[in-house]
Amino acid sequence: MSEAEELIKRRELRFCHLHPDPNQARSALLLLSDAAGVVDITLADELCLYISYDVRHLTLDAIESVLTRLGYHLDNRLLTRMKRALYSYSEETQRANLGVSDNTDNTTQVFVKRYTSNYHGCRDKRPDHWRKYL
40 MSEAEELIKR RELRFCHLHP DPNQARSALL LLSDAAGVVD ITLADELCLY ISYDVRHLTL
100 DAIESVLTRL GYHLDNRLLT RMKRALYSYS EETQRANLGV SDNTDNTTQV FVKRYTSNYH
160 GCRDKRPDHW RKYL
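Numbering of the sequence shown is given in our numbering, commencing with residue 40 and proceeding in unit increments.
What the hints contain is simulated information worked out from the structure, not anything from laboratory work.
Just so you know, even glycine gets a beta-carbon here, dropped at the ideal spot from N, CA and C.
All the pointers check out, no bait thrown in.
What follows is a list of derived Cβ distance ranges for each label pair: (1) E45 - R120: 21 to 27 Å; (2) S140 - H112: 26 to 32 Å; (3) S127 - S72: 22 to 28 Å; (4) Y128 - R65: 29 to 35 Å; (5) D60 - D167: 32 to 38 Å; (6) Y128 - A83: 23 to 29 Å; (7) D79 - R108: 21 to 27 Å; (8) D167 - A43: 50 to 56 Å; (9) P166 - C87: 43 to 49 Å; (10) V78 - G138: 17 to 23 Å; (11) D60 - S140: 33 to 39 Å; (12) N115 - S66: 17 to 23 Å; (13) N136 - D73: 26 to 32 Å.
Hey, can you work out the whole structure from these sequences and the hints?
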């Protein structure tokens, strides 16, 4: 395995079936597809995503923390939590060995490109002259 292949991580993201949105994986796929560092992302089923990303730019922990912050419910079974801990440790160690600084702002910067591409206009339904009056 070459060094470039070792930097690309392929992981499985599983979502909880008890969430009100039955298509969490599909909406997460749309959200993650524009993120910097994501190489490939595919939908396995309605509760599972396969994601490939460059460990120099992104970690599984950062992806999961952003998804959790945005309201997605990840699978928290014992085996999933054990895998998550192992992946977190190995990626953290690999990033330290590569000399990649641990950017604490990484979780907020993951979706900046996606956020700026969305329209964020005024959502006030009142006419313009009433908004200026008050």
